[in-house]
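Line order of the protein sequences matches chains A and B. Heads up: the first sequence runs through residues 0 to 71, numbered per numbering that gives the first Met the number 0. Heads up: the second sequence runs through residues 0 to 576, numbered per numbering that gives the first Met the number 0.
There is no bait here: all hints are sound.
Label-pair restraints from in silico Cβ distances:
#1 B:Asn514 - A:Glu70: 42 to 50 Å
#2 A:Val65 - B:Gly367: 14 to 22 Å
#3 B:Pro83 - A:Leu22: 52 to 60 Å
#4 A:Ala9 - B:Lys422: 22 to 30 Å
#5 B:Arg572 - A:Glu62: 33 to 41 Å
#6 A:Val19 - B:Leu569: 56 to 64 Å
#7 B:Thr167 - A:Ala9: 49 to 57 Å
#8 B:Lys87 - A:Ala9: 48 to 56 Å
#9 A:Gly57 - B:Glu485: 14 to 22 Å
#10 A:Leu22 - B:Gly287: 56 to 64 Å
Heads up, simulated DSS-like pairs for lysine-lysine below, C-alpha to C-alpha not over 27 Å straight-line:
#11 A:Lys36 - B:Lys422
#12 A:Lys36 - B:Lys512
#13 A:Lys36 - B:Lys15
#14 B:Lys151 - B:Lys226
#15 A:Lys11 - A:Lys55
#16 B:Lys15 - A:Lys11
#17 B:Lys540 - B:Lys12
#18 B:Lys368 - A:Lys55
#19 B:Lys422 - B:Lys368
#20 A:Lys36 - B:Lys368
#21 A:Lys11 - B:Lys368
Computed list of chain B residues with no C-beta within reach of chain A, every gap over 10 Å:
#22 Lys55
#23 Asp70
#24 Arg264
#25 Lys297
#26 Asp304
#27 Gly399
#28 Asp511
#29 Leu544
Hints in this document: simulated from the structure, not taken from any laboratory. These numbers come from a predicted model, not from an experiment. From the three backbone atoms N, C-alpha and C, an ideal C-beta is built for every residue, glycine too.
One-letter residues, chain by chain:
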Amino acid sequence: MAEEVLAPLAGKVLSVAVTVGELIEEDAEVLVLEAMKMETVVYASCAGTVSGVVVKVGDQVEEDDVLVSIEN
Amino acid sequence: MKPYFERMVSFGKGLKPGRITRLASSADALRGVEGEIDEAGGRAAAAGLSTEQVNKRGSMTVYQRLQYLVDEGTWHPLHSLYNPLANKEGTTNVVDGLGKIEGRWAVVIGFDNKFMAGAWVPGQSENILRATDLASRLNIPLVWLVNCSGAKLPEQEKFYANRRGAGTPFFRHAELEQAGIPVLAGIYGTNPAGGGYQSISPTILLAHQDANMAVGGVGIVSGMAPKGGFDETMVEALIEQTRQFSARPPGGTDTHYEGTGFFTRVCEEETGVLDGLKEYMRAVPAYGAEFFRAAKPKPPAFPADDLYHLLPVNQREVYDFDEVLARLVDGSERLEFRPDYGPEVFTGICKIDGRLVGCIGNRQGYLGKGYPEYADYPGIGGKLYRQGLVKMNEFVTLCGRDRLPVVWFQDTSGIDVGEVAEKAELLGLGQSLVYTIQQTDVPMMLVVLRKGTAAAHYIMGGPTANRHNAFTLGTPATEIAVMHGETAAVATYTRRATKEHDAGRPLGPVIDKMNELVEGYRDTSRPLYCARQGFVDEVVKLNHLRRYLQAFAGAAYQNPTSICPLHHMLLPRVIKG
Chain A
0 MAEEVLAPLA GKVLSVAVTV GELIEEDAEV LVLEAMKMET VVYASCAGTV SGVVVKVGDQ
60 VEEDDVLVSI EN
Chain B
0 MKPYFERMVS FGKGLKPGRI TRLASSADAL RGVEGEIDEA GGRAAAAGLS TEQVNKRGSM
60 TVYQRLQYLV DEGTWHPLHS LYNPLANKEG TTNVVDGLGK IEGRWAVVIG FDNKFMAGAW
120 VPGQSENILR ATDLASRLNI PLVWLVNCSG AKLPEQEKFY ANRRGAGTPF FRHAELEQAG
180 IPVLAGIYGT NPAGGGYQSI SPTILLAHQD ANMAVGGVGI VSGMAPKGGF DETMVEALIE
240 QTRQFSARPP GGTDTHYEGT GFFTRVCEEE TGVLDGLKEY MRAVPAYGAE FFRAAKPKPP
300 AFPADDLYHL LPVNQREVYD FDEVLARLVD GSERLEFRPD YGPEVFTGIC KIDGRLVGCI
360 GNRQGYLGKG YPEYADYPGI GGKLYRQGLV KMNEFVTLCG RDRLPVVWFQ DTSGIDVGEV
420 AEKAELLGLG QSLVYTIQQT DVPMMLVVLR KGTAAAHYIM GGPTANRHNA FTLGTPATEI
480 AVMHGETAAV ATYTRRATKE HDAGRPLGPV IDKMNELVEG YRDTSRPLYC ARQGFVDEVV
540 KLNHLRRYLQ AFAGAAYQNP TSICPLHHML LPRVIKG
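Just need the whole structure built from these sequences, with the hints factored in.
Okay, here's the thing in structure tokens:
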């Protein structure tokens with residue numbers, strides 16, 4: 000079953016820490032969003048295999064946009 | 000009031016492995032800064048003669064006296080690195096802090112007799128005034144270890160005179176006495192001139208048998224009648240005069256114990272003086288530990304070392320303030336005031352060693368859709384908006400009413416700006432908070448967790464308000480400046496850059512200036528600089544923060560000038576609804 004990691008706020012993707020196929024733990028760093036001069040780290044909501052990375056560095060995302068999918 | 004305070008609402012959660020991994024290098028960086036602070040403190044404490052050299056002369060050092068005097072494990076140093084006028088020794092030549100003597104909190108301060116026999120040096124009077132202010136704010140005794148050779152004469156112009164000069168502490172001692180706060184002094188060594196007034200101005204004077212205090216000493220016997228210069232004959236006469244005079248310095252214990260009776264007691268041993276101070280401390284008014292407790296003390300539910308993985312050293316990285324607070328307060332419990340309003344600040348009641356305190360802190364990160372309600376742009380924690388300002392005003396007012404000491408935690412980038420923010424009254428609400436703090440008259444302390452910026456640094460806890468702020472602590476992540484260096488560079492040089500550009504001249508020199516300014520801001524906003532300048536009263540290791548909160552709450556409740564019975568408190572009822 001795939002779980003989607005959503006953007007907690009609108010912002011620019013500053014870095015992406017995971018790649019498709021990677022096995023990650025719950026609460027592992029997924030990516031960092033920059034908004035209003037601040038950096039918000041987005042953590043994995045569950046353990047599993049990264050099945051999709053929808054964004055890349057520099058992308059502008061809106062709140063609740065899908066960032067990454069994790070198969071658990 | 001068991002239902003309210005025995006078990007309040009639990010908060011916080013254990014650290015997750017992902018966060019530990021991500022913040023590992025940040026934790027190392029924080030510990031690295033703590034190491035730098037330790038080293039600088041060690042250098043300042045080593046100023047002057049070695050301990051062995053002082054002991055060989057038959058005296059204890061100020062540090063040995065403090066160790067004997069203060070109850071084990073209760074010393075909380077303040078101003079360890081304070082050196083606002085950049086003395087090359089790295090110190091203002093006094094050592095001070097909060098400590099318990101015979102179970103009672105006191106502000107303790109002593110001249111460092113290792114350096115120039117405890118001389119007055121530039122910046123020292125400001126340090127002393129911080130100690131007298133602290134005793135005044137917490138209503139606890141000021142204990143002096145006097146050993147002061149008087150002014151460092153070649154630099155007297157930097158501290159002798161002025162509204163906050165070397166003479167000001169004597170008036171502060173009188174003010175403390177006027178307010179019923181005793182100033183106890185243990186007196187050692189030779190204390191002429193300024194040292195004489197350091198000795199005579201306290202309430203109780205306990206002297207070592209070799210101590211003396213006098214209006215003037217050996218050093219000024221010849222200076223009374225200036226002759227326009229010196230020649231060899233005059234200097235030889237001075238040498239002879241000094242030899243005779245130094246054999247019997249004025250104001251010894253025979254004069255000021257047997258004669259004038261100024262000394263309350265004279266002790267043969269140095270430790271006898273300290274034992275005397277302990278005896279007097281046992282006699283000062285102090286409520287027992289249980290008197291004002293609302294519940295039994297308990298440690299936080301989470302380890303203090305977690306803080307290294309919760310507070311990112313990267314000033315731009317968002318974190319959860321509530322998790323920081325959960326590592327500092329009893330049982331990781333609280334009663335939150337207006338959780339559904341002003342989301343950028345936490346306000347609530349917590350316990351420190353079972354004693355109630357009001358806590359206020361900046362929350363970080365995105366504040367959710369539709370906030371601030373007056374603007375079409377999103378809000379981010381660290382900034383202050385209308386609701387947060389209103390909430391802090393209300394909370395502080397209620398803390399004043401309920402006589403709750405307040406602990407502030409700052410990590411603020413400022414108050415929201417722009418026309419919309421002006422229309423939302425933020426300028427007025429910020430100053431309202433200053434007025435509110437002034438109205439409360441309860442002890443406050445401040446921890447600048449990371450950023451202290453713009454007017455928000457002034458209004459959140461009033462680090463510049465010596466009648467309210469007992470002391471301000473920094474952490475290894477502290478950064479205090481009017482604004483970020485890059486913002487300042489833009490504000491300062493953009494107009495000039497535009498002119499140069501329009502005139503077809505190269506931008507390199509302006510860019511160099513901008514980067515120079517950014518670098519300057521970096522150097523002058525970091526923990527070491529903040530401690531040296533007195534922006535903070537001490538930089539404290541993250542896992543020692545709770546110790547200082549305990550000292551603050553313990554001292555604030557030791558002998559409060561006014562009290563509110565627990566069952567008369569309004570704030571917990573307002574929170575309950």
